[in-house]
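> Here are the chains, one letter per residue:
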Amino acid sequence: MAILTANKVTKRFGGLTAVNFFDVEIKEQSIHSIIGPNGAGKTTFFNCVTGFYRNEEGTIRFQDQLINGRTPDQVTRMGIGRTYQNIRLFSNLTAIENVLVGQHPHLHAGVFDAILRTPRMKREEAEALEEARRLLRFVGLTGKGDLLAKNLPYGNQRRLEIARALAGRPKLLLLDEPTAGMNPAETVDMMAFIRRLRDELGITILLIEHQMRVVMGISETVTVMDFGEKIAEGTPAEIQNDPKVIEAYLGRGSASEMLRTAA
Amino acid sequence: MSKLPTDSRVALSTVLWAGVKIGLLGGVIAVLIALEGMLQAFATRDIIGGVVSMSQILLLITFFASAYIAVTRSGSTRPLFTLMVGTLSGLVSSILVVALIGVGSAIRLGDMFINATSQLYDLLTFKLGLVTGSLYLVGLGLVMGVAAAIIYLLPSNVRRPIVLAASGVVAFGLLQDLIRVTLSNWEALTPVTQFLYQSNGLSVVGAVTLFVLIAALSYFRSTQGNRIQSRLNSLPAASRSGLRWTLIGIGVILLLLLPVFLGLYLSDVLDFVGLYVLMGLGLNIVVGFAGLLDLGYVAFYAIGAYTVGILTSPEHATGIIHNWWLALPFAVLAAVCAGVILGIPVLKMRGDYLAIVTLGFGEIIRLLALSDFLKPWEGGAQGIQGIPSPDIGPIHFVQQRLTLPLLGTVQFAPSQEFYYLFLAVCLLVIFITIRVKNSRLGRAWMAIREDEDVARAMGIDLVATKLLAFAMGASFGGLSGAIFASKLQSVYPSSFTFLLSVNVVCVIIIGGMGSIPGVVVGALALVGLPELMREVGDYRYLFYGAALVVMMLTRPEGLWPEATRQRELREEGEATEAEPAAAVAVAGK
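So the sequence lines, in the order shown, correspond to chains A and B. Under our numbering, the residues of the first sequence are numbered 890 to 1152, in order. Under our numbering, the residues of the second sequence are numbered 5 to 593, in order.
Be aware that one or more of the hints could be misleading.
To spell it out: a stretch of chain A is covered by chain B in this simulated footprint if at least three of its residues, at any positions, have a beta carbon under 8 Å from a beta carbon of chain B; those stretches are [as the list claims (entries may be wrong)]:
| # | segment |
| --- | --- |
| 1 | 907-914 |
| 2 | 982-990 |
Short, incomplete list of chain B residues facing chain A, as computed with Cβ under 7 Å [to be verified]:
| # | residue |
| --- | --- |
| 3 | I436 |
| 4 | R439 |
| 5 | R444 |
| 6 | M450 |
| 7 | A451 |
| 8 | E454 |
| 9 | V458 |
| 10 | M462 |
| 11 | G463 |
| 12 | V467 |
To be clear, the hints were calculated from the coordinates, so they are not data collected in a lab. C-beta: ideal position from N, C-alpha, C; glycine also.
Let's have the full structure, built from the sequences with the hints guiding it.
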């Protein structure tokens, strides 16, 4: 059953067509990767899904509900979470505050609750704090909650961003290059972690990735984008041997061997 | 600022050139100070009576400071070089001033610079005539340069007491009016006042005594301080908390009795500090928490004040409510509405554009207040008079004598009574602000400040949250304006200028953006200090500007920046030093 269906999604910036009649279907509780050369339109597509951009044509449906045209906060409330290619944490807030902000849609205290510290608000805050600690523990940041986000090392920042996205209790998680800048050991850990997200929390994962071993290692389905269009789709094995994919990444020629031996 | 290499083979000339450059800078500043008229304005006030005047101190400090900067920047480790740099800097600075005198004797500078009068030259040459005076000046420059070098070379535990003591003596001289007036409130302290001060400035004996006292205290603190601190820490927790509560108790009592101790003038100053604390707290929400640069905050202040005026003044047809307290909710409500009205069109604006639009809003309100169009309702340029005091029940804000438990009968003036109103309201607003900051709403504001787009993606309703920031900020501004109107018992449109908005912004920047104690400190510094320095009064904004620049260079985070929040204290024990990857790897199985 498809949790996300994109149909002929098109996004233009003036004369540049970044996403060109792009179709994709993400199966529920699957790990689905979108790959493609830089500038292929992958992040732009993500932005269309989350409501950052409004696509000119096409529809995007999440759990059979239309989401293109909705505002980002509405999309988040519906159950889609996201991390960013260039980490966009709230730098001057602490790690735990970042995660608490992620819980915003699920908390209800208002101005007067805050001022009067009603029992309801105090209970809600205590639960939120506990949940935030739990999430930090889940991503491996126990005890680091009071550090400012900007002071965390790079790997921890990526983890924190995932924790923050998880705080919104998403059913679908969009991860934009989660292993960028990581060494092989960290990458292996991240792969295991992503699998755990799906296995333990039942979250569908949609991934943009450049590291082939991650793509081949954990994806069930891979969609390949180039110049805003889908040029191939299938299992990792099918993609690896698809000549169109090889050409898109590496051009025609003998260097194409690299792709085949990547996994 | 980059330091020159300390390699002793670096040409002496390079090191000395730095001295010359900064000496030139110091000289230019001294010349500017002279031509600005500050030297003449400050000449009548003596720091140490009959020995050195305020203007002479200013000149000496300029030479000293530039020499000190030159010495620090030279990065030289050899004392001889340091001395040479300092001397050179002082020399160059004073030569520039001599050049001014020389030029002034040849050309009539007075045509271009109003303050280049013969009186100025007299001041600069210490009334010793052209040649002798110039030599004397150069000598002073040399001495200051050498002194700067020596101070730099001293070990820090000797340097600090000396610098502190010297600053203390200058401060006591500068604030002599204030200190004298304050001390005169207690008859028992008259001998102290007479010992310290002459008719104009500190007495020589007093100055020396102060110097020695402050230096000794500072030295004592630096040597014994750690020992006392560790002894305090080793006390059992019960007595430590007992000590803390006692200190808090003393602090509370002092706070309550402050107007009695400080007298009339300082209480009035504190009232204005209170006004700016309230406004600062409000603007802190908009700028500090939510990151929305609002340069038109004066609008809410004005609306609060005018609403109270319109509703309570018996001279107005609309003066139907004669009780300030009953009018207060309307004033706050009016300000809140104004905040929302301002907020709606600027929701999509950021940064500079937001600043300009809010500035415009502030100006609109001021012009409306001034206008003839609204004159029938709010008095136009004549303003509104006859606003009642915030009397409530048995409490009347008039000059009266009250009998207090331990202090006997004390005379209270309205400005002292207003202090208590301000204190109560400030405490309430601080309470509300702290509560809101540590809540879902406060976090939403801070998220918007950090990254608006991502905050939105987190599910935060930008419209409602931003409007709430404007509304809450405006409410405190309106509250402040309402009290202001009652204190002055009138409102005039000339009080509500753009400069006031700028002042409030300065308060929170200097205090520390987003920090609540910072607002109080900022208000004390920026409002209290200029009020205290009457002599500097004319040059208040010059020093304002200089202080802001120095602040931003040396301490951009503010005087009392936001403390790091400590929420996970209990979990720190569980934190493993092993890489967090381990936890993930274990989890990944």
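> Against this structure, judge whether each hint is valid.
Status of each hint after checking the structure:
| no. | hint | result |
| --- | --- | --- |
| 1 | 907-914 | violated (count 0) |
| 2 | 982-990 | holds (count 6) |
| 3 | I436 | holds, 5 Å |
| 4 | R439 | holds, 5 Å |
| 5 | R444 | holds, 5 Å |
| 6 | M450 | holds, 6 Å |
| 7 | A451 | holds, 5 Å |
| 8 | E454 | holds, 4 Å |
| 9 | V458 | holds, 5 Å |
| 10 | M462 | holds, 5 Å |
| 11 | G463 | holds, 4 Å |
| 12 | V467 | violated, 10 Å |
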